[in-house]
Every structure is written in structure tokens, then in C-alpha cells.
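Start from the sequences and build out the full structure, keeping to the hints where you can.
Chain by chain, the residues:
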Amino acid sequence: MPPKPRPTARGDYVETETGNKVSRKAQLYGTQHIFLSGRAVIQPSVCIRGDLRPFAPADPASSTASSGKGTSPTYATSVTIGRYTYLGTGSVLRPPSRLHQGAVVYCPLKIGDHVFIGEGCVIEAASIGDHVYVGKGAVVGKMAVIKDGVKVLEGAVVPTGMVVASGSVVGGQPARVVGEVGDGWGMYEGMEGGDMRELWRSVGS
Amino acid sequence: MPLSVIKSEGPRCSRNCFNCPICTAPLATSSLNPDPEKRAVSGPWVLSCGFCNWSTLELGWQFENKKNMHQQVAKLRNGGQSRFARTPPTDFAKSGGSEPPSETETPFVSELDDTPDAAFASFRSFYSSQLSASNPADPLLTPSGGFNYSSPSSLARIMSLYTGRSFGKKDTGKSSLMRETSDFSEGLRIVDPTCDDEAIRKLRTEGWTRTASVAQQAGQHHASNFVANLRPMPPLLRTKRSKRCRACRHLLVKPEQKVQSTRFRIRLVALNYIPTISFKPLQPSPSTELPPIDLKAIPPLRPSQFLLTLKNPLFDVVKVTLATPVQAPGRYSHKVTILCPEFEIGSNVDQWDEALGDGKSQRSSKFLGLSKVEYAGGESGRVAEAGKVWEKGRNWTTVVVEVVCAAITENESEEDEDVLEIPVFVRMEWEADLEREGKDEAKTERKEKRELAYWTVVGVGRVGKLGAASTS
Chain H
1 MPPKPRPTAR
11 GDYVETETGN
21 KVSRKAQLYG
31 TQHIFLSGRA
41 VIQPSVCIRG
51 DLRPFAPADP
61 ASSTASSGKG
71 TSPTYATSVT
81 IGRYTYLGTG
91 SVLRPPSRLH
101 QGAVVYCPLK
111 IGDHVFIGEG
121 CVIEAASIGD
131 HVYVGKGAVV
141 GKMAVIKDGV
151 KVLEGAVVPT
161 GMVVASGSVV
171 GGQPARVVGE
181 VGDGWGMYEG
191 MEGGDMRELW
201 RSVGS
Chain G
1 MPLSVIKSEG
11 PRCSRNCFNC
21 PICTAPLATS
31 SLNPDPEKRA
41 VSGPWVLSCG
51 FCNWSTLELG
61 WQFENKKNMH
71 QQVAKLRNGG
81 QSRFARTPPT
91 DFAKSGGSEP
101 PSETETPFVS
111 ELDDTPDAAF
121 ASFRSFYSSQ
131 LSASNPADPL
141 LTPSGGFNYS
151 SPSSLARIMS
161 LYTGRSFGKK
171 DTGKSSLMRE
181 TSDFSEGLRI
191 VDPTCDDEAI
201 RKLRTEGWTR
211 TASVAQQAGQ
221 HHASNFVANL
231 RPMPPLLRTK
241 RSKRCRACRH
251 LLVKPEQKVQ
261 STRFRIRLVA
271 LNYIPTISFK
281 PLQPSPSTEL
291 PPIDLKAIPP
301 LRPSQFLLTL
311 KNPLFDVVKV
321 TLATPVQAPG
331 RYSHKVTILC
341 PEFEIGSNVD
351 QWDEALGDGK
361 SQRSSKFLGL
371 SKVEYAGGES
381 GRVAEAGKVW
391 EKGRNWTTVV
401 VEVVCAAITE
411 NESEEDEDVL
421 EIPVFVRMEW
431 EADLEREGKD
441 EAKTERKEKR
451 ELAYWTVVGV
461 GRVGKLGAAS
471 TS
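Residue numbers (full-length UniProt numbering), protein chains in the order written: chain H, 1 to 205; chain G, 1 to 472.
For the record, the hints were derived by calculation from the structure and aren't laboratory data.
Fair warning: there could be bad hints in the mix.
[What the hints assert, rightly or not] Lysine-lysine pairs mimicking DSS-like chemistry, simulated, CA-CA at most 27 Å apart: (1) G:75 x G:243; (2) H:142 x H:110; (3) G:465 x H:136; (4) G:240 x G:335; (5) H:147 x G:202; (6) H:136 x H:147; (7) G:392 x G:335; (8) G:319 x G:202; (9) H:110 x G:449; (10) G:67 x H:142; (11) G:202 x G:280; (12) G:202 x H:136; (13) G:258 x H:147; (14) G:258 x G:319; (15) G:7 x G:254; (16) H:25 x H:136; (17) G:335 x G:465; (18) G:335 x G:388; (19) H:147 x G:66; (20) H:110 x H:147; (21) G:240 x H:147; (22) G:392 x G:447; (23) G:319 x G:449; (24) G:388 x G:280; (25) H:147 x G:254; (26) G:240 x H:110; (27) G:240 x G:258; (28) H:147 x G:67; (29) G:319 x G:280; (30) G:243 x G:7; (31) G:67 x G:319; (32) G:258 x G:280; (33) H:136 x G:280; (34) G:335 x G:7; (35) H:25 x H:110; (36) H:142 x G:243.
[To be verified] To give an idea of the interface, some chain G residues facing chain H are shown, with a C-beta separation under 10 Å as derived from the structure: (37) 19; (38) 26; (39) 49; (40) 247.
In this text, all values refer to a predicted model and were calculated from it rather than measured experimentally.
C-beta: ideal position from N, C-alpha, C; glycine also.
Okay, structure coming up:
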């Protein structure tokens, strides 16, 4: 038997070339539309719906708006996940949908670097910035925008279309701004919102 | 948002943002156009909540224009009628004196408007015209009715107010009489004795479901008892603040001026100067029959051991003395013992990193640090000993803390009373290298002894129930 080019990662995680640790028990749909920037951690039972993406415009009348690109969709990736981002067990990432001219249209979902997403979250945000901490069981509604350095408390429900300013703490159902993060937010390893290299390193080894 | 807008409009968004009066979720502008093809471009528009399905239709509001929602909402009153019953505002200045029309008087306020805002605006313009008429040279009042503290004459006036003596300018002594408001147009509202009858009748017929909750009332400018009177509120604006030291006024935090930027120009955080404390359970070795420590249910009435790690951010070796009350304060007295309260933490400088000129290889330095670990009793004897450090690395030291939790009686415990938090007094002593800090004045003595002491609280977890622990 010829030797394999890379030793297959044994254990529960698949480690990609860029250092992403993806659990074998995670459910990734439409993997060609999911972009992991590297060193991300995807825990078991995480579900990422990369298959929910904008379809190529069928009729030529509507494709004239994006002329020149032909039948290719305006963006190929539906889910983008930043570096050192951690997706906790059982969370669901779904690109946000909205009704546009009577049809359901999906928009890309973008998550920044050093983002922690706790267990059992449902994320349908349009974008999540860097150094964001999302507590256990939180729901981030469709087309919500979470800026950098935000803490979403456990069990919060960020309503559809909410824009959370950077440095806020949001909680409640529906989520409202309940405070501000400290001035040292995101500066230290191992703390909420902080550098997540250590967490990445500890996974799967 | 420019400062002038905030001064006149208050600290709320004055563009298109509104929060739902029922549930505080942001409202979205959506079209009611029956043709789905045209929905993106043409109205009529409503504000609708994506969380609780409330929309401005319940107030009878529809908007012709998608832009400038703030002004459109301000013109409307609940029920869909326009707030406009515009008559030219009576010029109080004509009767009172030379007071120019107030700038703050919003254009849509008319005398037929009976909202509290309108009453206040007419009150304010009336009294400011009265004031300027009775005391035309009052330097404290600006034409807009506000106070002007910046001019030297007003300062003199304030000083004379406080000292009780005439300070500088003599008091004129005569002040003409001011009259009170006498008219609806001047802001006078006479309380109608039957005005509550309507509310009582509504309460009887509509019941509890139509009354607004306290939280909903608190979100409004003018509290109202009924859901039908709630208005969508523009959200509060976020501020960026810089912070100064309480003792020496030194700037500690200063965010960047740019609105979009989330960075800081100055950010001096205490953790750059004091050790980082981390706390984790010391799991008993599998040979013993003790169950592993669960931080959500720490077994009571039994010693549990924890590892307390202090990591040094400074470039000098720090001598640390820890202290903790024998019994943690609170209703339940948990016993806490730090087995090694006095120890040293190594400096944050790594010789290898310095020699190689590579400050970034944190990972390698960490491994180097690990290789230097000294165990208290060798690899095999992993038993916590009093007076000995558990583990030591390049710039961190771990000691063992023993906690005996008190039993918590289930029936009378309040919320979060089972949380175990340990107050720790940290005293650190080190010799700061003045040369490194760039202070060359002290050439004779290169090192300076420094000392810092503070209280901190370490959160551990929750104490388990007694019954649950005995069954496990």
C-alpha cells in the first residue's frame, strides 16, 4: 500500500491543512460553500447549513442587475468562519433568509475571529464581528448584525434584524442592551472574548 | 451623530431606528403594497416588529415615505391623526419684551396640542420670555432658555449667589414682578376632575390585557397605562467614554475618536500589571475512590482541592503573599485554606526569546516553561503539601487551595446562594527595574522596591446538595 500523504487524524476530530478541527460528528451541509479561515473548532453535533445559499438567477431579466457574471451566483460562500472561532456542541448555523420579491433569498453568514459560540446556539445572523462571546443556548435572529467585542448572555434571543453595537452586553428575550463589556475585553487569553488560541490547542489533543 | 443634534434631540437616535413599545425589539420598515413585485420600492410603509409581530398599524399609522421616519413619527399621535393643528405660534416676546423666538421650540408644537411635551415647550418659552422681560441683562440665561456658564459675568453672578455677598457687579435690587401662566397657549393645563373617568371605564371594559406593564411604561417618554397609548421609541445612542484614574487623573482608557472604530488610543488595563488568577479543580487521582469534582455541584462537608494559578505579566520576579478569611463570608461559612500562601512568580521575560530576538514565539516559550516545571513531591507523589508550591513555570506558579463547603439547606436557599466565591487578598512585592522603564534620574539606584496589595474575588462554582453528593 502506498503511504498516505498525510497521516489521517485519529480520534474525534479531523484536522484540516489550515488547522481547523472539525468533529467527525458535526453535520456540515454544502461543504463547498463553507469557508473556514483556519484554526476553527467545530464541536460534535454542530450543524452548518452551507447549502442554503442564493441560487443563480434563473430568468435573464433579474440577472441583468448582476450583469457580466452570467449564471454564477453573486457570492459562492454562504458561511464564512474566522480564525480561532469555536462552535460549541449542538449549535446550528444557518444563513439568514428574507423575502425578496415574493421569494425566499438567503444571504451569506459571516463570523469573525476569536468568536466563541456556546452550546446549543442557533445563529442566523448576517454577520458577527471579532471577539464575540455568545453564551449557551442563545439565539441570534435572522439578519442580525453583531459588531466586535460583544457579549451575548446565556439564553438571550437577539431579535431579527437587530444591530448590536460593539462593546455591548445583550441579554433577555428579546435581547436588549444590558451593559457594557470591560475595557480589557478581548485582550487576554482564556477569558471571555479573549484570545482563543489556547482553547483551539486544547481541543482534540 | 453630531453633538448639536444630541443637544437638541436628546440621546436617542433621530434617524429611522425605532424600538417596539411592546417588546423592545428593533422595528423594521416594511411595505404594505399588495403587489409583491413592488414591495421593495413603494409604500405605504409601516414599522413592524420581527419578534412580537406588533406593527404601527395597531396605532393606525402608515407612512408615505420610507425616509425620515423620526420626523414622521413625531408628527403623529396615537390613532393616526396628525398632531398638526397648526396655528401660528403666539409670540410671547411681543407681550414680554425683546426675547427672540426660542430656538428649541419645535415647529410642530402648537397651542392646540395637549401632549405633555407641548405643554412643557409652551411653559418653557413663556417663562423664559418672562425672565428676560423682568431681568433683561440676565447673563445666566441664553436666548434658548438654557444656562450659560461659560461667560465671566455669569460666573461672577454664581459666585455672588454662593458667597452671599455682592461679588463684583452690584445687584440692581429691583426686579419687576413675574406673572404666572394664565392661558392654555402659555402652557397652563387645568386638571379636569373627570379626566380619570375615561381611564377607569377603559380598565373596566378592556381589562388587564390592554394595560401596559411597568417595563413598557418605563420605556416611554410619558408613561401611559394602556397599551394603545404606547409609542415606538427611538433607541438610546451608545457613547464612547474615556476614563481617568480616580487618584491621579491619569488617562487610563481613551477610545478612538472615529465613530466606526472600536479601537483604543490609550488602554491601560490592570491585568497588565497584576497577576492573572485562574482557578481549576484538582481532580483526585483515579487510585483514590473520591469522585471527580463537578464545579456545578461541589460536594459539601468534604475537602475539595483546587489549583490556584497566578501568572505574572511583569518583567520582574514578584513575591506574592495570599490571604483569605478562614471562613468565606456569606450565609454559609465555607472553610478555605491556601496551602502555600507565600511564593514567588518568575518574570515574564524569556531568556531564550530575548537571545533569539523573537518576542512572538509564545508557543515555544510555553513549552520551555513547561520543561522547567518543578513538582513538590516528584512525579509520583502528587499529594498537595502545606507550604509547598504545587507547580511552577516560567512566569506562573500554582498553589493548592482546600475548600470545605458548608451544607446548604435546600428549602430556604435563595437564588445564587449556593455560589461559592472566595475572597482573596493578594499582596505583591517586587523590585522594579528603573532602567527598563526609562527613568534615568535614579542613576545611583537602579532598582526600586514596589508593593501592591488588593482584594479580589475568585468565583469557583456552585455547592452541591447534600443528598445528591451522598448518592453519587
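Holds or violated: is there a CB of chain H closer than 10 Å to the CB of residue 247 of chain G?
Nearest chain H Cβ about 17 Å off; hint violated.
Hey, residue 202 of chain G versus residue 280 of chain G, does the alpha-carbon distance stay inside 27 Å?
violated, 59 Å
Between residue 136 of chain H and residue 280 of chain G, does the CA-CA distance stay at or below 27 Å?
With Cα atoms ~20 Å apart, residue 136 of chain H and residue 280 of chain G stay inside 27 Å; holds.
Would the hint on residue 49 of chain G be counted as holding, given a Cβ-Cβ threshold of 10 Å to chain H?
Nearest chain H Cβ about 8 Å off; hint holds.
Would the pair residue 258 of chain G and residue 280 of chain G pass a check requiring their Cα atoms to be no farther apart than 27 Å?
violated, 41 Å
For the pair we were handed, residue 110 of chain H and residue 147 of chain H, check the Cα-Cα distance against 27 Å.
Cα-Cα ~11 Å, so holds.
Going straight from one Cα to the other, do residue 319 of chain G and residue 202 of chain G come out at no more than 27 Å?
With a Cα-Cα distance of about 71 Å, the restraint between residue 319 of chain G and residue 202 of chain G is violated, given a limit of 27 Å.
Below or equal to 27 Å on CA atoms is what counts here, so check residue 388 of chain G against residue 280 of chain G.
holds, 18 Å
Taking 27 Å as the top limit, are the C-alpha atoms of residue 240 of chain G and residue 258 of chain G close enough?
holds, 10 Å
So if I understand the rule, the pair passes when the alpha-carbon distance is 27 Å or less; does residue 147 of chain H with residue 66 of chain G pass?
With Cα atoms ~25 Å apart, residue 147 of chain H and residue 66 of chain G stay inside 27 Å; holds.
For the pair we were handed, residue 392 of chain G and residue 447 of chain G, check the Cα-Cα distance against 27 Å.
holds, 25 Å
Does residue 26 of chain G pass the interface check with chain H, least Cβ-Cβ distance below 10 Å?
Holds - the Cβ of residue 26 of chain G comes within 10 Å of chain H, reaching about 5 Å at its closest.
Checked against the numbered hints given earlier, this structure breaks hints 1, 4, 5, 8, 9, 11, 12, 14, 31, 32, 34, 36, 40; the rest are met.
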